[in-house]
Every structure is written in structure tokens, then in C-alpha cells.
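*Asks:* What follows is each chain in one-letter form.
Protein chains: 2
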Amino acid sequence: MESSPKDLNHVGIVGLGLIGGSLGLDLQSLGCRVYGLTHRESTAQRAKERGLAQVASTDPNILLNCSVVILALPLSQLVKPSKELINILPANAIITDVGSVKAPITKVWNKIHPLFVPSHPMAGTSNAGIEAGERNLFKNRPWVTTPSKETNQTALSTIHELAHLLGSQLVSVDAEMHDQAVALISHLPIFISAALLKTVGEGQPPSLLELAKTVASSGFADTTRIGAGNPNLGVDLAKYNHEALVQALSSYCLSIRELKSLIENNQWDQLQSTLKESKLSRSDFLE
Amino acid sequence: MESSPKDLNHVGIVGLGLIGGSLGLDLQSLGCRVYGLTHRESTAQRAKERGLAQVASTDPNILLNCSVVILALPLSQLVKPSKELINILPANAIITDVGSVKAPITKVWNKIHPLFVPSHPMAGTSNAGIEAGERNLFKNRPWVTTPSKETNQTALSTIHELAHLLGSQLVSVDAEMHDQAVALISHLPIFISAALLKTVGEGQPPSLLELAKTVASSGFADTTRIGAGNPNLGVDLAKYNHEALVQALSSYCLSIRELKSLIENNQWDQLQSTLKESKLSRSDFLE
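Protein sequences appear in the order of chains A and B.
The first sequence begins at 861 in my numbering and counts up one residue at a time.
The second sequence begins at 861 in my numbering and counts up one residue at a time.
What the hints contain is simulated information worked out from the structure, not anything from laboratory work.
Among the hints, erroneous ones may be present.
Heads up, simulated DSBU-like pairs for lysine-lysine below, C-alpha to C-alpha not over 30 Å straight-line [stated by the list, open to error]:
no., chain 1, residue 1, chain 2, residue 2
1, A, Lys1073, B, Lys1073
2, B, Lys1073, B, Lys1139
3, A, Lys1139, B, Lys1099
4, A, Lys1073, B, Lys967
5, B, Lys1073, A, Lys1120
6, A, Lys1099, B, Lys1073
7, A, Lys1073, B, Lys1136
8, A, Lys1139, B, Lys1009
9, B, Lys999, B, Lys1009
10, B, Lys1099, A, Lys1073
11, B, Lys1139, A, Lys1099
12, B, Lys1120, A, Lys1120
Only some residues are given here: those of chain A computed to face chain B with a beta carbon under 10 Å [as the list claims (entries may be wrong)]:
no., residue
13, Gln1029
14, Ala1055
15, Lys1058
16, Gln1064
17, Ser1067
18, Leu1109
19, Leu1131
20, Ser1143
All values reported here derive from a predicted model rather than from experimental measurement.
The beta-carbon is built from N, C-alpha and C at its ideal position, and this holds for glycine as well.
Can you make the complete structure from the sequences, with help from the hints?
*Replies:* In C-alpha cells, the structure reads:
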């Protein structure tokens, strides 16, 4: 066991799902003592069995001696935190979160706690819940912080150190920029993909639908994967990254209408250029 | 080596790319003697080295004794076949193709050859060209034939036997139905995905684009994969499956506008139902 940096000796994690549970596993191997707060007794029990935290409990008092508390909760609970959650956080602890939309969380939490640092560790699998946490989830993945002028610099350094120790690639940008980028790259694809599922699932004659099912292949599977995720998460992203997502959807509607128009009007040379540019754009993005 | 059925003793394949080359490999292991016709001398040479056919040549005369000839050519060369191609086909051989749009090919080839059977083996990888052919590509994949009233029944049986021997799941439907199904399930996703790449690649501020590149993850990779395929294939599909694709794009534009409107108008309950239905629809499709 390595010796953990002073500020990270006692780390609290609120919520032990995929992100919280994975953090618990990794932080323990870094030598931190991890205190996991769960909503239900049964989850605390299972967290102990899985070794997600040295201490796992539904009792908020376990957080009292923590120098850092990570809020690994669903987006809605971060944007609209309960009084109960606010009251259990030690006044002198550094607080960070893992929410995937940053502007509304930053705005709310800057008023709640002077040592709040907005974070978005960008890692995940398709699993969720108490069984989902796994080691090394954050390794080589972006960990975005979105400090504002209210953010305490020492607290920010501690969270940057935490991200660094977990093997993440640290990115620090303003919250609006973060939200626009994830709207384009993470949230827009969910709705594009869901709209494809809606198109094939609705209003098609049954015989056509049967044939379509028989011939659906990897291209269809890939393009629809992200559209079939957790509906609650989809709604929360739409709700809390509203402006950036609506703007991304507007740009997308223009793009798809432009492609449709090229096809309708038999503009094959222009269609080919567009498809060539798309191909280049992807290799540029995922190089 | 198994003994091949009589009609499949001598099989010609025109074009030894992914589909033609894979057919060559599998048919040889079934005991067929395979004659591969290529456009270029260098490709014929490489086909011999890779063992894609016992005989590989640019000389059309190699097809003279074939009882079955498979046209494994790009869509455009199937819809608008050259005089040269038409002239090299033996009058008494059964002819089939591998084109991914069936109505226009069936229409054209029914007039060219009395023993033409329209086929679409629905298998593929992201590879193309003489190096792409691989064994067992068609195993457990759909092989669609689209016989019309002009289709010779004996010829059709032979092609069904061929598909069966290759381990494919045989599906027989009319050409228009096939084209509508693949428009929805295979061709529409290409343009949906390309439109996403167009949206992120165009008109975004450079700093946002840089951040988006840093945080792009597996969801973005999955949703854009099929949009970054061969631009020529995309154009050919749009050209030759025009009506069905335009109709699929129109339905899709309605779906995405509907989702956008739910989001713009904060209709969260309806958005959640829609996302739930999409999730169900996908498991129904890919069960």
C-alpha cells in the first residue's frame, strides 16, 4: 500500500454506483481510507462484501473526519441536492462531484460549500449500481474540472492531485465550454441514436419490420447502442444541459436536412465530398 | 475436401474483393473449382498467392466452363453493367450477384440473362480489396434472394443451395421489400452517422472542437463508425436505393424533430417514455 497524500488520507464517497464504487476501489489501493455513504442498508452491506470502502454505511456521521468528499450521485441529485445531503458535508472538507453537466452544478454548489470543486471524470461502462464499480476505470481517461472565480485554489489542487493519482488525463476548462463539448460529443449522439430506434420502431408495416429485424447487422447495432441507455439519464442530460443540447440538436437537424436535400436532388458530387469530409473528420476526432 | 453438388463444380467469381474473395475461399473448401476474374493483372497474381481461387486471371475465357457465375462487383457496375461484362457470361450458366440494392439490379439483369438470380449476402467487415477476403464470412448471416416472376426456378434452387452450403440463413422476399428494409436498417444509419460527423466537424469554434476531441469517447466512436465508411458506397446506395432511402430519411427527420421538440418544450415525461420505447425497440431488434 502506498502512502496517500495528507489531504487524501480520509476520503468520503457519497454513492457507490459505477463511479463511486470504482473510486472506492482505486483510492484504497492508493492508500486512502475510504468512507462510503449509501442510501440503503443492503447496499452498504454489499459494498463491504465487494470491498468498495473500508467503512460503508447509511450513517452520515462516517463523513465527519473526511478531508475530501466525492459526491458520486445521479445528476438530478447534484443539481437539486437534498437538505439532508447538504447538512452531512463537513464544513472544512473539500467537496467534489462527478456530474456530467457542469454549469448548473457549479452554480448551485458554489453557494452551498466554499471548498467545492466541480469535476467530471469521463469514464464509464454500460453497468450501473453497486455491482458495477471496477478497478482502473479512470486510467488514461479525461478528468475535467471546471473551476470558476469562486473556486478555492488549494481545493482545486487537491482534486487535480486526486485525478492525477487515479491515472486520469486532467483537463481544466470553464463549465459552459465543458457543457457545450459534451452536448456535441456525448449527449447529442444519445438522441440521434434514439431517433433511429424510434424511426424503425414506429409506423413501419409489420412485414417490413420482421424483415428489418432479420437483416439488422453490426452497423445498426453500433449506431443504436447509445440510444438504448438509461432513459432517466437521457432525461436528466436534456434537462440540465438544455441550452447546449438544443443548440447541438439544431445544428444536427441542419446537417441531416442538408444531406437529405443532396440525396433528393441527386447531387452526387456534393454528397461524395460531404461523406469524404465526414470520414476525415472522424479520423481527426478519434486519432 | 467434400464433393460439390453438380451445378457447383465450376464456379466463376467476377471480382475478388471482400465478398468475392471470401466466396472463393469458402467455395474451394466445399470442393468447388473456383475461377476468379479480376480487372487487373496484379490483382489476379495476388489472388493466386492468397489462394482465393484455383484459377485467377484477367482473361474472361476462364468463365467458359462455369455452371454458376457470381458477380461480386460494386453496385454501380451491377446496375449499369458494361457490354464487356455482359458478353463474357456463358449463356447456359446460372448468374447471381451480391449487390446491396435489389430492385434496379433485378430489373436490369432480368433482361440480360435468363438464368439470373438476384442475391444479397448480408455479410461484411470494414476491409475491402484483394486482401479482404476471409473464411466463413457468410456463416449464420442472412443471404437474401429477391426472385421475381421472371426468375428461373431451377436457377433459384441452385443459388439457395449455394447459400445453404456457405452456412447462411436464407431469406427470400421481393426486391422492393428488401430495398425498404435495408434502407431503414443499413443505409439510413450511414447518413445519420455522417450527419453527426458533419455537425461536429463544421462551424464549431476551434477551442470547443479541441475540447470535444479530448473528451470524445466510445459512445461517439460507436455512433459515427458507419458514417465514416467508403464514400463511393454511400453515394451508390443513395443513388440506387433512392426512393426507399429518401422515405427513410423523411421518417427519421420527423423522429429527430419530435425528440428535439420534446426537449425544447421541457416535456420530460414524454421524453422519458420515448427513450424507454427506444430501449425496448433495440432489444427487440437485436435480441
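*Asks:* If you test the structure against every hint from before, which numbers come out violated?
*Replies:* Hints 1, 8 not satisfied by this model.
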